[in-house]
Amino acid sequence: MAQANLSAPFWRMEGISKQYGGVRALENVGLTVERSRIHAVLGENGAGKSTLIKIMSGVVQPDSGIMELENRPVRFASPADAMRSGVVSIFQELSLVPDLTVAENICAPEPPRRFGLIDRRAQRRRAESLLARVHCEDVHPDEVVRNLPLSRRQMIEIARALGRATKLLILDEATSALTAADVERIYAILDRLRTEGLAIVYISHRMREISAFADDCSIFRNGRHVESFSKGGKSGDEIVKLIIGRDYKDVYPDKSAHAPAEAPILEVVNLNWGARLAGIDLTVRKGEIVGLGGLDGQGQRELLLALFGVLRGVEARIKVHGRPKQINSPRDAKRRSVGMALIPEDRKSEGLVLPLSVRYNISLAAINRFARGGFIRTRAETEAVKGALRTLSIHARGADVPVGTLSGGNQQKVVIAKWLIRQPRILLLSDPTRGIDVGTKQEIYKLLRKLADSGKGILLYSTDYAELIGCCDRVMMLYEGRIVRELAGDALTEQKILAAALNLPEEEVTAGETAH
Amino acid sequence: MRLWFARNNGALFALFLFIAMFSVYVGKNGVGLRVGLVTAVADKGVLLALVAMAQTLPILTSGLDLSVGMIFVLTNCIASAILSGPLWLVAAGIVAVLLSGVACGAINGALVVYGRLQPIIATLATGAVYHGLALIVRPIPGGSMEPTLAKALTNQTLGVIPTTLVILLAVVLVVWVPFQLTTTGRGCYAIGSSESAAYMTGIAVRRSRLAAYMLAGLLAAIGGLLLTAMTLSGDASATGGGIYTLSSIAAVVIGGTSLMGGVGGAIGSIFGAFVLRAVSDLLFVFDIEPLVQPFIQGLILLGAVSLGAIRVLRAPNRLEFLGVGR
Amino acid sequence: MTRVLRVVDRPVVIAFGFIVVLLILGGMYNRQFLSGFYLLQQLRVASFLGIIASGAMVVILLGHIDLSIPWVVTIGGITATAVAGWWGPSWTALGVPVALACGALVGLANGFGVAFLRIPSMVFTLGMNAVVQGMVVMYTGGNAPPDKATPILQWLAVRDTLYVPNAVIVWASVGVLVIVALNRTPLGRYVYAIGNSERVTYLSGISTRTILIIAFVTSGAFSAFAGAMLAGYAGKAYQAMGDPYLLPAIAAVVLGGTSILGGRGTYLGTVAGVILITVLESILSVMQISDSVRQIIYGAMIIVMMLVYGRDRRADG
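Residue numbers (the working numbering), protein chains in the order written: chain Z, 689 to 1204; chain C, 610 to 935; chain D, 5 to 321.
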């Protein structure tokens, strides 16, 4: 595309591709961003958004393609490079150094200096002023970041970005744990930055946020750039269709027609853990899928870990099939008498041993069952592994390839296979479809329903409200470590979920006014 | 302020431990606080303190330097060979000794940063090389040092304070304190805390890591210099170097620096070194049977490093108590 | 034999290649070097290091390290030779089992510190090394241990069976044990899994603490066993007899392709590493190269080989 200088876009990417092992994260994508406009990038988890942002931020380099800033080609060999060129990124929380103070993090990598040494007072003052801009005066600049909750850390990330000389600002899921009030403030700041001439790229998988205030929108799906349009160019339904590539209704399998009136398979009474979880009561019946919802970091993940025996100092009365059980470790939890399984949140660091083969990973939790006299019976193991690959339709070039070479969706299926091989009674899933393509998500939804129908009890934590509505029979909403509401049947709507997530009384939230 | 206490509690604990031990020692040794005695104690302690300071830096970057004891020995041998003669020659010699320490550190750093070798293996290997070089310089123990210089370094300043302590203080003020106030210095902490976050923040990871190893070499060289002043000779002792290396790791841990990096500092390591040194003196003063002393010393060492490691165990009550799950 | 990763083969091949190169060089210097007798002698000497390295490898595979090896070797040698002195000559057969038990006990303590107290292994085993040294000093009074090597120990260390040194047979048996355990048992799977990610293994419901303890007990037992055999080889146990074995053991494991971070490595590689180091050290001493240059060559070779290993030296997967 030949451009006259005047009409050259502020930022342009073209032909960008990136491959990780056998997985193509981005294929020949392009993006054009203009000044003084907020450009939303929408897409499902796994659509390639985060890879795109990493390339724009200099964290990774593209395999092919070009990038141009102000009509000049640029290449970023490192995040420092990108920052020097004025491309500043705000990630969810990844780029704060845990053991450094707030002030040090905010001013890094170029803190104020005097005689070559860091001027700590000036550093503190700069941090204070930036914190004030995001209305976080309650955060002490000398506090170590590690001790702060996720919501504060996200605000600190944003404060830091404000302190940099920015031409292009990128926000990657930067508001997931923030309250509505905080989000409003961020929008106000972004609005002001827009009028000052910044180009802003805003990534989110929450469609509502965007339609409200973005000027332009680009949609990605399965590593490809699907379409770009300006505000008002597409209707809500059209956008959703572009994002997921098919009709909204088809995504979720039908829930069980009859309410499961069976005896509870899991009963939790008065679960407490330090200051993070308080007074949690919950029941999962046979054949039921119970959801856990709420903003990020409200204790959902911790609850699942507590049930699975990972956390120390948990006080609770837990009954499985009516019988009280003491679960002090995952080993306790997976025993036949309890029969729990946990699909953890981060498959790469918690669910899979990436360098080891698919086979090793699938049989890891059950290898004892394939051993006789202390030795592994490889034939039995191979059969079980092959069976798992078939049942879950895992695409891998054989069972002996390293599991790290599989796509995100297939990797997650391996994690699930690892536990299904033990035929657990209760499945705990911690945000299982995060970062996974839509096709695999569908398969997982169908699988969950099938497992529930076969008599298992399922507890599902998800950050995706649509998923909670579509999959679960009941949803427990958590706020600051407590269950604040239970939604089921007709009450299971996005509106009510949003209200409960923000801990607002139901009457305050009406259609169309949700700011999140 | 509350926050300062929280961040430095490791070093403070080591300091407190040392003061307690030293007080007991002074109380029981029958001669009290004599200048000669304090100088002797200080001399031994300062040597280890310098090597411990050296070890602190790579550990802060979540690395390790197993060659630090050998750099100490090598610079000792070089110093024993070239520090004689007219003043200007001696001065140049001092510079040369320090530079050789930095060079060793630079080699270590280059292997880790550019060669991308694991620090433990790289420095294991370079330690052998440096030992070999020390043996070439000093095949048998010997050599000397300009006696006036040696005396000046090991005497007392103002008649009371051991000069070695003054030198240590000077090193802390001139080398350590400024370093950790530079971006490179803070970068070392950042890398050890979370290398990926440091990278994404735009911190110069390679520069900080390289600087850490080079500075370690420099500090070890200062130690080697002082050793030559004290013994007036050079000794390419493998056991000596090995003991210093391992003791430096222990001192660092006792002083509150986490082996995983990101937390701690050289000042704590200094106190950790003094605590280690004080242990053997204490045992002597309590008239513990000499044969049992090594055993008690070992137990105390084990206890001290365990305490040090447990204290620094990050956020023990967080989600999973697996501190080291990768 | 199932292999965990294909990548591991490369360092093993390179290591064996180096061994061949070294042998040829040695042969050029002195014909004797390639004689069957001399080669078998090399294997015999390598066996002691090999047994120690076997234990070290298991611990390293888990991502940990055992720095108590030096004095556990020594205490192994001392207890094995001292048993006759304690309980009378008819008890000499107990020498090796007692040594093994001592080593295992130290390993148990190490495992406890690392697995339960979560103290970094580098630090805890370092302290334990000092404690064991203290125990030895208490027992021997700081002098050379008086007891001579028992006939059994001498038989193990010095004698041959059908021209093959017994020490090599012992090493081979240890090796078979390790290979089978690592490749054909759940324990082996857990070791590799923990070495790559203790967190994932723990979340898969495996008692990672038990595995850690088993590994350290193994390392302690093997080290003590080697110490007993060394006492047989030298005729007696002596102070600090284990000191020269720590760094070569670690080097051998790493040169054999095992990642110092854990999770990757084969026993065959450790065998190659052990032989490589043994052959190198003996060539250097045969050529009467001075100790200084020997050290430099030793260190430089490790560096060069690690740099050459390519992908394996990458910091973190």
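Treat the hints as calculated values from the structure; they're not laboratory data.
Be aware that one or more of the hints could be misleading.
To be verified - The calculated SDA-like cross-link candidates involving lysine to any residue, where the alpha carbons are at most 20 angstroms apart (straight line), are:
(1) K1036/Z / L265/D
(2) K1184/Z / V1172/Z
(3) K637/C / S805/C
(4) K653/C / L758/C
(5) K1036/Z / S805/C
(6) K855/Z / L719/Z
Hint by hint, here is what the structure shows:
Among the hinted pairs, K1036/Z with L265/D is consistent with the structure: their alpha-carbon atoms are about 18 angstroms apart, no more than 20 angstroms. For the given pair, K1184/Z sits about 12 angstroms from V1172/Z by alpha-carbon distance, which is consistent with the 20 angstroms threshold. Restraint check for K637/C and S805/C: the C-alpha separation of about 52 angstroms exceeds 20 angstroms, so the hint is violated. A C-alpha spacing of about 18 angstroms is found between K653/C and L758/C, which places the hinted pair at or below 20 angstroms, so the restraint holds.
Among the hinted pairs, K1036/Z with S805/C is consistent with the structure: their alpha-carbon atoms are about 16 angstroms apart, no more than 20 angstroms. Taking the CA atoms of K855/Z and L719/Z, the gap is about 16 angstroms. The hint holds against a cut of 20 angstroms.
Violated hint: 3 only; the structure is consistent with all others.
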